[in-house]
Amino acid sequence: MSRKSSDRVIESVLFVAAITSILITVLIFYFLIRESLPAFRDVGAVDLIFGPKWHSAGNIFGMSPIIAGSIMVTLLALFINIFVGVPLAIYLAELAGPRSRSVQKPAIELLAGVPSIVYGFLGVLILVAYLESSFQMMTGRSILAGSILLGIMFIPAITTICEDALRAVPKEFKEGSLALGATRWQTVRYVTLPAASSGIIAAIVLNIGNIIGETMAALLVVGNLPRHPKPIFDVFDPGAIFTSVIAGEMGEVPHGSLHYHSLFAVGLMLLVIVTVLNISADLIRSRIKKKFGG
Amino acid sequence: MLAVFLIAAPASAAVTVSGSTTVMPLGERCAEEFNDAQSEIEVSVTGGGSGVGIKNIAEDISDIAMASRQVKDAEKETYGDNFVEFLIAYDAVCIAVSQEIYDAGVTELSQDDVAAIYNGEITNWEDVGSPDEEIYVLARLPGSGTRDTFNKMVMGSDEAETLGVRTYHGSNAEIKSAITGSDKAIGYLGLNYVQDDIGVIAYEDVEPSAETIEDTSYPLARALYMYTFGEPSEDAQAFLDFVMSEDGQTVAEDEGFVPAY
Numbered sequence: 011m012s013r014k015s016s017d018r019v020i021e022s023v024l025f026v027a028a029i030t031s032i033l034i035t036v037l038i039f040y041f042l043i044r045e046s047l048p049a050f051r052d053v054g055a056v057d058l059i060f061g062p063k064w065h066s067a068g069n070i071f072g073m074s075p076i077i078a079g080s081i082m083v084t085l086l087a088l089f090i091n092i093f094v095g096v097p098l099a100i101y102l103a104e105l106a107g108p109r110s111r112s113v114q115k116p117a118i119e120l121l122a123g124v125p126s127i128v129y130g131f132l133g134v135l136i137l138v139a140y141l142e143s144s145f146q147m148m149t150g151r152s153i154l155a156g157s158i159l160l161g162i163m164f165i166p167a168i169t170t171i172c173e174d175a176l177r178a179v180p181k182e183f184k185e186g187s188l189a190l191g192a193t194r195w196q197t198v199r200y201v202t203l204p205a206a207s208s209g210i211i212a213a214i215v216l217n218i219g220n221i222i223g224e225t226m227a228a229l230l231v232v233g234n235l236p237r238h239p240k241p242i243f244d245v246f247d248p249g250a251i252f253t254s255v256i257a258g259e260m261g262e263v264p265h266g267s268l269h270y271h272s273l274f275a276v277g278l279m280l281l282v283i284v285t286v287l288n289i290s291a292d293l294i295r296s297r298i299k300k301k302f303g304g
Numbered sequence: 329m330l331a332v333f334l335i336a337a338p339a340s341a342a343v344t345v346s347g348s349t350t351v352m353p354l355g356e357r358c359a360e361e362f363n364d365a366q367s368e369i370e371v372s373v374t375g376g377g378s379g380v381g382i383k384n385i386a387e388d389i390s391d392i393a394m395a396s397r398q399v400k401d402a403e404k405e406t407y408g409d410n411f412v413e414f415l416i417a418y419d420a421v422c423i424a425v426s427q428e429i430y431d432a433g434v435t436e437l438s439q440d441d442v443a444a445i446y447n448g449e450i451t452n453w454e455d456v457g458s459p460d461e462e463i464y465v466l467a468r469l470p471g472s473g474t475r476d477t478f479n480k481m482v483m484g485s486d487e488a489e490t491l492g493v494r495t496y497h498g499s500n501a502e503i504k505s506a507i508t509g510s511d512k513a514i515g516y517l518g519l520n521y522v523q524d525d526i527g528v529i530a531y532e533d534v535e536p537s538a539e540t541i542e543d544t545s546y547p548l549a550r551a552l553y554m555y556t557f558g559e560p561s562e563d564a565q566a567f568l569d570f571v572m573s574e575d576g577q578t579v580a581e582d583e584g585f586v587p588a589y
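So the sequence lines, in the order shown, correspond to chains A and B. FYI, the numbering for the first sequence is 11 to 304, going by the working numbering. FYI, the numbering for the second sequence is 329 to 589, going by the working numbering.
Honestly, the hints are just simulated from the structure, not real lab data.
List of simulated lysine to aspartate or glutamate pairs, DMTMM-like, C-alpha gap at most 20 Å:
no., chain 1, residue 1, chain 2, residue 2
1, A, 63, B, 487
2, B, 404, B, 486
3, B, 400, B, 387
4, B, 404, A, 45
Nothing here was measured: the structure is a model prediction, and the numbers come from that model.
Please model the entire structure based on the sequences and the hints provided.
Dropping the structure here:
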């Protein structure tokens with residue numbers, strides 16, 4: 011085979027691989043839409059998405075408790091996530107010496123490799139019991155428990171991307187700042203962080219997608235109660251999230267029933283949210299990049 | 329590699345079984361013993377849930393479905409009414425409370441009490457003869473056969489809303505660990521998951537046991553089924569015969585169910 015034709019073969023193989031991933035995405039959307047259409051038709055799009063009650067055994071499908079639960083879990087988890095993850099990334103990228111790095115880096119990678127069911131297991135055994143006894147809760151299974159667990163779970167994800175973003179900031183920026191007499195903190199605060207902000211924001215937005223889509227661990231600790239807490243922002247109450255509803259109810263559902271199609275509608279909702287997040291992460295990144303030239 | 333599979337495949341006919349996770353331990357043990365006893369037919373068992381099992385036989389993905397409930401009308405509408413039903417064992421839904429509550433004196437509850445607790449009308453153990461303590465009510469997620477049985481027989485309808493429930497769980501094992509992990513919980517679970525560390529209460533004055541299920545005095549008993557879509561093939565029939573035979577029913581008893589034959 012000549013070099014040229016072998017080139018062409020490799021090119022076409024790569025092209026097929028690229029097309030495949032797009033095709034799979036399109037197919038996923040197609041099937042989710044096809045399977046959830048009957049639910050939108052029978053229940054009505056507005057009632058299905060904003061209905062106040064999800065009582066699937068009684069054929070009442072309103073997603074608002076699930077959406078509210080997902081939003082609460084995600085926001086609270088993200089808060090914990092950013093609160094620990096971003097400073098950790100700054101420490102690793104800017105302050106840690108080689109010795110401390112050589113311990114921390116593998117430790118974080120190890121944390122990322124822990125399967126979610128293990129987190130769930132520890133969540134049930136330790137976190138839930140701890141919350142119960144320290145807050146006098148009837149049960150520790152709650153929106154709060156889900157948030158803490160998911161927040162911790164995705165620390166490695168946010169730290170790794172943020173650290174990469176911080177490291178990508180050209181050395182000259184920092185050296186320039188230090189040469190002007192700025193302290194280390196001033197340099198981090200006014201030079202490195204703004205220059206890396208596109209990567210950090212992208213990491214945060216992508217992590218929202220991670221958190222909202224995590225299933226196994228959340229299913230075990232959120233309580234799976236598809237009802238609005240009273241008051242509505244009470245994070246000590248059990249709640250339900252997109253993934254816990256799908257995973258919990260899909261196994262035994264009669265196929266082809268309204269319940270079945272409604273679960274697909276929940277899945278479609280989740281996919282749409284995650285897709286919007288991913289696209290906006292890209293947009294934000296490119297916009298900030300233009301601004302800072304990083 | 330491929331050749332090995334091609335030669336190996338026809339040596340034994342394959343029968344695939346899928347469905348309810350409640351029935352699965354029974355299906356698996358039966359398959360093990362059945363496969364050991366002969367070499368013509370190889371039975372393999374997977375879970376998925378009753379709904380998945382029923383879908384699988386209707387779409388010819390597997391040969392036999394395990395189900396902890398009967399085929400629903402919605403399923404008959406979707407797939408046509410060709411389901412053939414085999415009763416394989418009985419199970420009971422047991423109502424259990426945390427050991428502390430049991431020790432404090434709650435050893436039996438009437439249907440009205442249980443229904444009131446699950447409806448959210450009774451929210452304190454005080455009202456049913458135990459110290460002042462809020463009741464932590466546990467239930468299974470929709471779709472569970474155990475949940476359907478409980479709601480139908482205790483709450484009056486499998487569409488009951490059970491507003492008293494605090495948390496929903498995906499499996500019997502989760503319910504069990506939530507009851508043992510709390511000191512004020514009530515929940516329901518299959519007979520085969522009951523062990524010493526939780527307080528199983530008498531329901532309507534009858535304690536669940538093999539005897540009370542067999543003589544039908546325990547009200548919350550339910551039947552477990554296997555289904556085929558259309559008449560079973562010869563191989564599937566052989567396995568079903570085994571499950572319903574004396575050996576198969578002994579396995580059912582070992583697994584904590586009550587034999588049907």
